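Using the sequences and the hints, build the whole thing.
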Amino acid sequence: MASRIEHRAEYPNGVSEVFRAETSEEALTARLAEIGGKNSALLSHSADDDGARYTLRQGIEADKLPQIVRKLQPGDLYVDREHTFTRDGDGYTGTARATVSGMPGEITARTELRPRGDGSVVETRGEVKVRIPLVGGKLESFVAGELTKLLAREAQFSREWLGRAAR
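Quick note: to get this note's numbering, add 4 to the position in the sequence shown (first position is 1).
Keep in mind the hints are simulated off the structure, nothing from the lab. Here the structure is a predicted model, which means the values were calculated and not measured. Think of the CB as a built atom: it goes at the ideal place given N, C-alpha and C, for glycine as much as any other residue. Do not rely on the hints blindly, as some may be mistaken.
[Unchecked claim] Across the chosen pairs, the derived CB separations fall in these ranges: (1) Ala34 - Leu138: 36 to 42 Å; (2) Gln71 - Glu10: 23 to 29 Å; (3) Gly123 - Leu47: 28 to 34 Å; (4) Arg91 - Ala34: 21 to 27 Å; (5) Ala45 - Ile72: 26 to 32 Å.
[As the list claims (entries may be wrong)] DSSO-like mimics (lysine-lysine), calculated; alpha carbons at most 30 Å apart, straight line: (6) Lys133 - Lys75; (7) Lys68 - Lys133; (8) Lys68 - Lys153; (9) Lys142 - Lys153; (10) Lys42 - Lys142; (11) Lys153 - Lys133; (12) Lys42 - Lys153.
And the structure:
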């Protein structure tokens, strides 16, 4: 069984501005520096007005992990996230796939960036699957919760980024 991920972020900015704040190399590098964790990196990147493709690595230090995770995987964890966005009408649709070092399973998500009133909305829906007997469900719930918090922090970063760009 998988644990669901759902997140929604609204912006007062237009789709093009939000797309650049979410996918430009400059914005992603700054976001990783601020909230990416230990040894975070932008591993690959390409973007234009028609879409984007990039891979992020984010680190989680061992002392910030729950005991159950430290027992299964000693040391720091790394999350590699592959994102793809494609222009879709007046917005963008995207997919993401993430893997966690040392953990059998996967994280998948679909994202839509659409105009909403005078601004934009980004909606992400996905799921976490961890294939470890007896404890997989607990890990899925933990990872889904942490990812939802991360998506909220990333959305807040993008809002601040857009606010700085408007000045």
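Supplied distance hint 36 to 42 Å, evaluated on CB atoms of Ala34 and Leu138: The hinted range 36 to 42 Å holds for Ala34 and Leu138, with Cβ atoms some 41 Å apart.
Does Lys42 pair with Lys153 here, judged by a C-alpha cut-off of 30 Å? 17 Å, holds
CB-CB spacing for Glu10 and Gln71 relative to the 23 to 29 Å hint: 27 Å, holds
That 26 to 32 Å hint for Ala45 and Ile72 (C-beta), does it hold up? 27 Å, holds
Taking the beta carbons of Arg91 and Ala34, is their distance inside 21 to 27 Å? 24 Å, holds
Straight-line Cα separation of Lys142 and Lys153 no greater than 30 Å? 17 Å, holds
For the pair we were handed, Lys153 and Lys133, check the Cα-Cα distance against 30 Å. Holds. Lys153 to Lys133 sits at ~18 Å (cutoff 30 Å).
Just tell me: holds or violated, for the beta carbon distance of Gly123 and Leu47 against 28 to 34 Å? 31 Å, holds
Distance restraint between Lys68 and Lys133, which requires alpha-carbon spacing of 30 Å or less: 21 Å, holds
Are the Cα positions of Lys133 and Lys75 separated by 30 Å at most? Judged against 30 Å, a Cα distance of about 19 Å means the pair holds.
For the pair we were handed, Lys42 and Lys142, check the Cα-Cα distance against 30 Å. 24 Å, holds
Straight-line alpha-carbon gap Lys68 to Lys153, limit 30 Å: 14 Å, holds
Checked against the numbered hints above, the structure violates none of them.
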